[in-house]
Amino acid sequence: MRLSQYPILTLKEVPADAEVVSHRLMLRAGMIRRLAAGMYTWLPLGLRTLRKVERIIREEMDRAGALELSMPTVQPAELWQESGRWNQFGPELLRFKDRHDREFAYGPTHEEVITDIARRELRSHKQLPVNFYQIQSKFRDEIRPRFGVMRAREFLMKDAYSFHVDEASLAEGYRQMHDAYTRIFTRLGLKFRAVQADSGSIGGNASQEFHVLADSGEDAIAFSDGDDYAANLEMAATLAPPGARAAPALPLTKVATPGARTIAELCRVLDVPPERCVKTLLVDGDDGGVVALILRGDHELNAVKAQKLPGVASPLRMAGAERVRAATGAEPGYLGPIGFGGKIYVDHAAACLADFVCGANEKDQHFTGANWGRDVGPPEARDLRNAIAGDPSPTGRGTLQIARGIEVGHIFQLGRKYSDAMNAAVLDDQGRSVTMYMGCYGIGVTRVVAAAIEQNHDANGIVWPQAIAPFQVVLVPLNYQKSEALRAAADALYRDFEAAGLEPLLDDRDARAGVKFADSELLGIPHRIVIGDRGLAAGLVEYRHRRDAAPTEVPLAEAVAFVRAKSTA
RNA sequence: CGGGGUGUAGCUCAGCCUGGUAGAGCACUACGUUCGGGACGUAGGAGUCGCAGGUUCAAAUCCUGUCACCCCGACCA
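The numbering of the first sequence is my numbering, which starts it at 380 and goes up by one.
Any given hint could turn out to be false.
[Stated by the list, open to error] Pairs of lysine-lysine, DSS-like flavour, derived with a Cα cap of 30 Å:
{"id": "1", "residue 1": "Lys633", "residue 2": "Lys722"}
{"id": "2", "residue 1": "Lys517", "residue 2": "Lys431"}
{"id": "3", "residue 1": "Lys431", "residue 2": "Lys570"}
To be clear, the hints were calculated from the coordinates, so they are not data collected in a lab.
Build out the structure end to end from the sequences listed, making use of the hints.
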């Protein structure tokens, strides 16, 4: 492409509401423009990258044997009523009516539609397993769309759905998708991790998320330095500390702690470290009462783990101040296990403490020297907390590190949730009707683009991984408008690069050198060739990779071969 | 959903408190100078001041309503 023919400009300033790097750079580079909250137009430059991501995904899905199809974005309400999600889904589902007053939704996902196809078309176990996928727009009416295309309302997603006669086949299909995803993100040139994930309300046996590692990621992931264990923080198990609990050494003593409502204040008032304190959290029970959850002072509650405990309401809700008072007679800030009458769960780390500090269920009072078994019953120990860096890996090998990640893919063994609800069955080899097992596998295509930028940028702009750069090489002729010889050389080089399939972008604008340099860096094109009168007289051009600190001189005649060698290196 | 904030030129913003001819920088157009790291000069085009209603001789400015957008919160024991 010739930049003089490209009408959409790069920007020096961006709207004040663009907060994250990828959003700012995508606006500045002229990749996207906002249409409405969470909805973006992909401009020609951005679309080139998006298409490259799509192509890699498509190639690897095809290679894994998946079959591409395309389902409508708009879906009839009946299907959603049949699966039960019309009522479950809530306001994220964009609903509307057509002129005949029939209800529809803009699809946030396509389990219902594909299950409908499967039950109509699939008759025999001989047609299984099969995996259908599409790359297509979704709409989720997010509470708070933000960060540009990272959390948009309308976005492009690759969604795949597999159908199987039994669980073993599902597990095999799932494994193949795991491998395909690994190839996809490797080819995209991204640093990523597959992590164990919460299968949440959808249920099923297994679920993994694929995260692009970036400090700006919204998710915390835990991984072991001793083996390949990796999990979303909300799923990362913590182990009970080794060894037996120490015997009580101190007497139980009630101490006045006026105003010490938080662990930090308590530690200051009593001059004890937070690891010697426990905090007591009351959450709503599923029977209308409250349940006490007890953690060591320096640990955080893990809501996903907590809401799975028997007796705890799901989703997890902290008990309101009034219920706290009714259950304990005390105010939040002074709660403790001693004298508490309800159900108590204790995190492993808190359960192995001796002579700890806890609230006395009385305003401005705490206990010191508290001990399980002596002052209160033996603890019912569970894993309740978030893992922290340095915890031993739950596999027993290595210790956990915590990193930030951007979730770009998610694979699920759905089981029979939808096939049951929608009666999708085939005949097995005995002639019996069996409900199909399903898996589903998503990749946020538009989010991948943003995540790639979050992971690959510097102060001057984007630094594209080669596989998804909109152009491979940018040609920057200086004095293109005035020097006929230089223009001829630049045009010839441009044609040579095109002929070589190296996707050149020619900056033939009548602009100053600084402007061209700055824009070439902003756009993040991997290879840059600068053509100037001085070098040209000696038959030389300058080559510089986007990651290089300094340019190298290359003979004009060898420029194409040089870039080709660099791009396959 | 709760709390806070913002709507003025394509973009970033000033002007509003204290009502009186709508501004700056960037971007854009033309010409000239400049020309290997985001140039300069001159001239110019461009805004129903989000929308509706009200107060007033007079509203971007004050009042009411409305729409749009943004930020924060949903771990506190």
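* Violating hint indices (sorted, rising) -> none
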